[in-house]
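Engineer: Given next are the chains, with one letter for each unit.
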Amino acid sequence: MSREEALRVEDLKVYYMTEKGYVRAVDEVSFNLSKGESLAIVGESGSGKSTLGMTLIRALPKNASIVSGRAYIFGDEILSISLQDFRRKFSWRLISMVFQGAMNSLNPVLKVGDQVAEPLIYSGGLPKEEARRRATETIETVGLPREFYNRYPHELSGGMKQRIVIAMALVMNPQILILDEPTSALDVTIQAQIINLIKDLIDKLGLSVIFITHDLALASDIADRIMVMYGGQIMELGSTDRVLGEGPKHPYTEKLLSSIPRLRGEGMPDFIPGRPPDLSSPPPGCRFHPRCPYVFDRCMKEEPPLFNINSTHLVKCWLRGD
Amino acid sequence: MCFFSLGIYSRLAVKAASLVIVLLGVLLFVVVIFGATGLSDRVLTAIVNEEVRLYRQAVAGQIRDPQALEEAITKYRDELTRSYGLDRPWYERLPNMLLRVITLDLGRARLAQTFKGSNLISDIIMERLPNTVILVSTAIAINFLIGIFLGVRIATRPGSRLDRSTSFLSAISYAVPTWWLGILFILIFSFYLKLFPYGGLYSSPPPQDPFMRALDVVWHATLPVSVLVLVNVGLTIYVTRTIVLNIAQEDFVQVARVKGLPEGLVNRRYIMRVAAPPILTNVILGLAGSIGGAILTEAVFSWPGMGTLFFEAIVQSDEALILSLVYMFTLVYVVARFVLEVLYAVVDPRVRI
Amino acid sequence: MSAGFRGGFRIYWSTWTGRAGLAFLILLTAVSIYTITVLPVAEISRQWNDPQHWVDYPKSSPPTWVNLFSEKKLLETTTLNFGNTQFSGSSKSTYLTLNYQADSYPSYISLSIEKLRYTGTPPVLVLSIVRPDGYSVEASRIIVPPPRPGENPPITRFEQAPERVLITSSDDLARNLAQLYEDRFDVIVSPIKVLQDGVQRYLMSTPKDGALTPLKGVYRFTLTAIQSSGETSIENGRILMGGEAYGLMGTDVIGRDLAVGLLLGFPISLFIGLITSIIVTGLGASLGLVSGYFGGKVDNVIQRLADFMNNIPLLPILIFLVFSFGAKLWVIILVFVAFGWPGLTILTRSIVLQLRESQFIESARAVGASSLRIVARHIFPHIAPFIIAQIIFFTPSFILLEAALSFLGLGDPSLPTWGQILELGFRSAAVYLGYWWWILPPGILIIITSLTFVMISLGLEPVINPRVRVRSRG
Chain G
28 MSREEALRVE DLKVYYMTEK GYVRAVDEVS FNLSKGESLA IVGESGSGKS TLGMTLIRAL
88 PKNASIVSGR AYIFGDEILS ISLQDFRRKF SWRLISMVFQ GAMNSLNPVL KVGDQVAEPL
148 IYSGGLPKEE ARRRATETIE TVGLPREFYN RYPHELSGGM KQRIVIAMAL VMNPQILILD
208 EPTSALDVTI QAQIINLIKD LIDKLGLSVI FITHDLALAS DIADRIMVMY GGQIMELGST
268 DRVLGEGPKH PYTEKLLSSI PRLRGEGMPD FIPGRPPDLS SPPPGCRFHP RCPYVFDRCM
328 KEEPPLFNIN STHLVKCWLR GD
Chain V
4 MCFFSLGIYS RLAVKAASLV IVLLGVLLFV VVIFGATGLS DRVLTAIVNE EVRLYRQAVA
64 GQIRDPQALE EAITKYRDEL TRSYGLDRPW YERLPNMLLR VITLDLGRAR LAQTFKGSNL
124 ISDIIMERLP NTVILVSTAI AINFLIGIFL GVRIATRPGS RLDRSTSFLS AISYAVPTWW
184 LGILFILIFS FYLKLFPYGG LYSSPPPQDP FMRALDVVWH ATLPVSVLVL VNVGLTIYVT
244 RTIVLNIAQE DFVQVARVKG LPEGLVNRRY IMRVAAPPIL TNVILGLAGS IGGAILTEAV
304 FSWPGMGTLF FEAIVQSDEA LILSLVYMFT LVYVVARFVL EVLYAVVDPR VRI
Chain H
678 MSAGFRGGFR IYWSTWTGRA GLAFLILLTA VSIYTITVLP VAEISRQWND PQHWVDYPKS
738 SPPTWVNLFS EKKLLETTTL NFGNTQFSGS SKSTYLTLNY QADSYPSYIS LSIEKLRYTG
798 TPPVLVLSIV RPDGYSVEAS RIIVPPPRPG ENPPITRFEQ APERVLITSS DDLARNLAQL
858 YEDRFDVIVS PIKVLQDGVQ RYLMSTPKDG ALTPLKGVYR FTLTAIQSSG ETSIENGRIL
918 MGGEAYGLMG TDVIGRDLAV GLLLGFPISL FIGLITSIIV TGLGASLGLV SGYFGGKVDN
978 VIQRLADFMN NIPLLPILIF LVFSFGAKLW VIILVFVAFG WPGLTILTRS IVLQLRESQF
1038 IESARAVGAS SLRIVARHIF PHIAPFIIAQ IIFFTPSFIL LEAALSFLGL GDPSLPTWGQ
1098 ILELGFRSAA VYLGYWWWIL PPGILIIITS LTFVMISLGL EPVINPRVRV RSRG
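Protein chains in written order, with the numbering used here: chain G, 28 to 349; chain V, 4 to 356; chain H, 678 to 1151.
Please note that the accuracy of each hint is not assured.
Unchecked claim - Facing chain V, according to a computed beta carbon distance under 10 Å, are these residues of chain H, among others:
| # | residue |
| --- | --- |
| 1 | Ile-989 |
| 2 | Ile-994 |
| 3 | Phe-997 |
| 4 | Phe-1057 |
| 5 | Leu-1087 |
| 6 | Leu-1099 |
| 7 | Leu-1101 |
| 8 | Ala-1107 |
| 9 | Pro-1119 |
| 10 | Val-1131 |
Said to hold, decoys possible - Below 25 Å or equal to it, Euclidean Cα-Cα: the simulated DMTMM-like pairs (lysine to aspartate or glutamate) are:
| # | chain 1 | residue 1 | chain 2 | residue 2 |
| --- | --- | --- | --- | --- |
| 11 | G | Lys-47 | G | Asp-324 |
| 12 | H | Lys-1005 | V | Glu-266 |
| 13 | G | Lys-138 | V | Asp-254 |
| 14 | G | Lys-226 | G | Glu-55 |
| 15 | G | Lys-40 | G | Glu-71 |
| 16 | G | Lys-40 | V | Asp-254 |
| 17 | G | Lys-138 | V | Asp-351 |
| 18 | V | Lys-18 | H | Asp-976 |
| 19 | V | Lys-18 | H | Asp-984 |
| 20 | G | Lys-89 | V | Asp-254 |
| 21 | G | Lys-155 | V | Glu-266 |
| 22 | V | Lys-197 | H | Glu-748 |
| 23 | G | Lys-47 | H | Glu-1138 |
| 24 | H | Lys-1005 | V | Asp-44 |
| 25 | G | Lys-116 | V | Asp-254 |
| 26 | G | Lys-40 | G | Asp-214 |
| 27 | G | Lys-138 | V | Glu-266 |
| 28 | G | Lys-89 | V | Asp-44 |
| 29 | G | Lys-89 | G | Asp-141 |
| 30 | G | Lys-138 | V | Glu-253 |
Read the hints as simulated data drawn from the structure, not as lab findings. In this text, a Cβ means the ideal position worked out from N, Cα and C, and glycines have one as well.
With the rest of the complex left out, here is chain G (with noise of 0.2 Å):
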């Protein structure tokens, strides 16, 4: 890797307190991404991936705790500093989110505009008018006319209000931006058009991209490597031409991607028999093996290590090592 490393996850775990006792959400994940790259993460609801994201953003739910684990962004730790620390120096200004569902990140009854310049005047301490003005920038530089400061969120269609709300997390400039489904509520034509956006701002920008979705054929389009989660581990890692442009290693990649002509951005592949493993008590061994077509004996009884296929290339399959 000769880019410089933007963000590193070592060995994260996450897990949420319920009345059904804990449920590891997220179970020893460890990656990087470099900066200007872009990294897909993938996985049905319920895989862990969006728990990621909360993480790294430092916005998780009450009831989640991070039990261990360590995450860099340009080499300093974020995960063990206080969360005021972290949205003094970090949140926004390095690392910002880009929320699911786009119509509930946006207070219904503020600007949308004053809504996107808020944190230069809080955070940032600009005057108002030089906020306001960076702030119509940045509403330009997503792709719409400078008169939609003034408007409120429901004068605006669902694109436009997920340019908006990509407008905010632009606006105090970051390197790193998550992206958490950011097309899924939209129809496919609009979905386009933000899959474009979003693939100028990486190139305009130079910004280093996590891409949370459940869609495989939308994460080839936009991403340089991709990671596939499973029941809050990673199954496979690896850039994008080798995980799909090769063939995927791992049988769920597998079958994720056979599964990409019935995928209508809604919903799960719903012909993956069986259902997402419960993470309050997980299957013994590899976590997907009872919906693995492939699986035999000792899938069931121990929980195969990541595989480095080559030094870019992650499986977590027994059959693809011993």
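Mind docking chains V and H on chain G? Use the hints.
Structural biologist: Okay, now just chains V and H, sitting in the frame of chain G:
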């Protein structure tokens, strides 16, 4: 979204028109009931009889001949009967009757009077209405202050003991009749503790000094206002708490925090600002529903307002007064709803298109 | 409702409001059933609406159990019965004695004679009282009416209603007592003052240092029939010393036993609350079902109407209608129904609209099920639990509305309700006189009854509305 293309003014105009229709509808309904049950005939006959009696007194001195007197009186009575439309059935009289009710020209009350002795219903209502407005608006203001303050505080600690007991208390207050609480308060605070007067607006005689007079009103208003607040505040607290709690869990609140906005700003702009319109609607609708409670509370505390007047009208079987009061209550209610609509347009940009 | 009835009940039972509500409901129902059995409709009019029944009860008296809590003991009502008595031969009198030991005076003393029969000349009944100090006064005389033309002996009098003489307001007794005080104690007091202060005070006291002190001991009441010829008999005669305390719940201003009124309130308020609620819910839900499922013009009309009704202040209109049509039970219920349905209709409609778009309805429609069948087999079972919850939820509001109307004097006068008891109490100034036993129990019963349904509602909420149950995230 059917109003999408309409501006705020035309939207409000549509609302106003529909409320006017409601008002006219109620009026029509009341008048039909009034006529169909024969109440109207009885009221008018009573008025005619009274005027004939006065006429007889007036002319008795001038016309000596008993037969001529009776003739004159009969003629006068026929004239009156015709002019009031008593010679026609009520449904022919109806248009005229509607017009009279709308202009509040309902004649005179049987027994009720203004302080100065006028028994014109419009005079009486104009005298009583301010008293009701003072009582109810004070109660609403206090209810708002306490309810929203406590509701927001409790919303920060959902599931706490305070939270649970408030929810339960607001359920109990739903089961307590306002008027009975009023009686209970009189028994405790007036009869046993002798802290507050039994009822009324002023002591008798009222103090001359304006400041003392105001204090006297406050002293008299304490119990009725407390009753109105106590009965309604539980619901206000509960509604506020639930709305604030729901909004605090919205994504945009979390996003605002992640954006690095200070907590105070998040609370003000992202929670309270968003919670204001639904709280306003819920509370005001609830309070509009408490008009009934206000009628009864006034009656219990002999507060000389519209409610007590209504109570008196029932006790005295004064049909004309009852009719005009029903009309006035509907008018007040409809106006209140329109004010709410305007207020709503001011606080909520979603309405302000 | 995949949880089924058992599962639903378990969830219901796990809330303490649910348990308390059910316990109260059972209690209320039991009292109502007891009341209906003990006091059938005919008995209601006798015990509550017939003045004869409570004429002898003390007026505005607290319940007797207050004596347990206070130093000064209030006199309880005492009845002395002469029983079936023959006035014949040489002894034409009979007497009763009373050992009087209370610190206070009776509120009144009355003599009543039931079914007097005589032969010969019409008798005069004389009641005289011998005090513990041996002094005797004549208290009252009852002159029995002579035979009417054509009437043959034995003549019966006081048959329909007993002859009742309030001897404590008797001028004769007042005069005799004034005389007695002058003769024996050298105290000059005018008969008018005796009447004003209360005849019983003079009858049952001795003057000491210018004040009257209760004279305790044995009083002897002698009833004599004075007759020049013939015989007289009475079926019963009794002397009633009105106490200052009565029964379990006290009495109201005209002497009615409040316990009876309060008991009668149970079945009536349950009936009004439940019946109205059932009809309102049935009507509201059906209109909502029709409106939501069929849509179109019907929907439009129903929704306009509901919207219209929602913009009307309820209580003034209700008062006006009950006033116009007359305060009868069915009018009150009808008016509640006419104005109660809109809220539920709007709610049901929105639920049905959601259901209509759901997959299982779509599939039922796809296989060609008729609208009626879909509504009956698919939609109705889905909203049935919700409807039952609404019945419970609406019940207290109708109980409270009826109480409010009663309090304004618009209750059905033939049926005593708690609201009406309070109305009479308020109008007789009970609250200004501190008659707490008249004010507190009816109000508390109204609250308990309403609260019962509120608590059941709270208990039902997690059963009907599973969203309330704690969510866990995966």
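Engineer: Could you run down the list of hints and mark each one as holding or not?
Structural biologist: So, going through the hints one by one against the coordinates:
1. Ile-989: 6 Å, holds
2. Ile-994: 6 Å, holds
3. Phe-997: With Cβ-Cβ at 5 Å, under 10 Å, it holds.
4. Phe-1057: For Phe-1057 (chain H), the interface hint is violated, since the closest Cβ of chain V sits about 29 Å away, which is over 10 Å.
5. Leu-1087: Holds, about 7 Å.
6. Leu-1099: 7 Å, holds
7. Leu-1101: Result: violated, 12 Å to nearest chain V Cβ.
8. Ala-1107: Ala-1107 (chain H) check passes; min Cβ-Cβ to chain V is 9 Å, inside 10 Å.
9. Pro-1119: This hint holds: Pro-1119 (chain H) lies near chain V, its Cβ roughly 8 Å from the closest one there, short of 10 Å.
10. Val-1131: 5 Å, holds
11. G:Lys-47 to G:Asp-324: Cα-Cα ~29 Å, so violated.
12. H:Lys-1005 to V:Glu-266: With Cα atoms ~60 Å apart, Lys-1005 (chain H) and Glu-266 (chain V) exceed 25 Å; violated.
13. G:Lys-138 to V:Asp-254: Given that 25 Å is the threshold and the Cα spacing comes to 17 Å, the pair holds.
14. G:Lys-226 to G:Glu-55: With Cα atoms ~30 Å apart, Lys-226 (chain G) and Glu-55 (chain G) exceed 25 Å; violated.
15. G:Lys-40 to G:Glu-71: 19 Å, holds
16. G:Lys-40 to V:Asp-254: 24 Å, holds
17. G:Lys-138 to V:Asp-351: 12 Å, holds
18. V:Lys-18 to H:Asp-976: The hint holds at about 21 Å.
19. V:Lys-18 to H:Asp-984: Given that 25 Å is the threshold and the Cα spacing comes to 12 Å, the pair holds.
20. G:Lys-89 to V:Asp-254: 14 Å, holds
21. G:Lys-155 to V:Glu-266: Distance of about 19 Å is within 25 Å: holds.
22. V:Lys-197 to H:Glu-748: 23 Å, holds
23. G:Lys-47 to H:Glu-1138: 23 Å, holds
24. H:Lys-1005 to V:Asp-44: 22 Å, holds
25. G:Lys-116 to V:Asp-254: Between Lys-116 (chain G) and Asp-254 (chain V) the Cα gap is close to 22 Å, so the pair holds against 25 Å.
26. G:Lys-40 to G:Asp-214: 35 Å, violated
27. G:Lys-138 to V:Glu-266: 20 Å, holds
28. G:Lys-89 to V:Asp-44: 71 Å, violated
29. G:Lys-89 to G:Asp-141: Answer violated: Lys-89 (chain G) to Asp-141 (chain G) is near 28 Å, above 25 Å.
30. G:Lys-138 to V:Glu-253: With a Cα-Cα distance of about 17 Å, the restraint between Lys-138 (chain G) and Glu-253 (chain V) holds, given a limit of 25 Å.
Against the hints set out earlier in the document, violations occur for numbers 4, 7, 11, 12, 14, 26, 28, 29.
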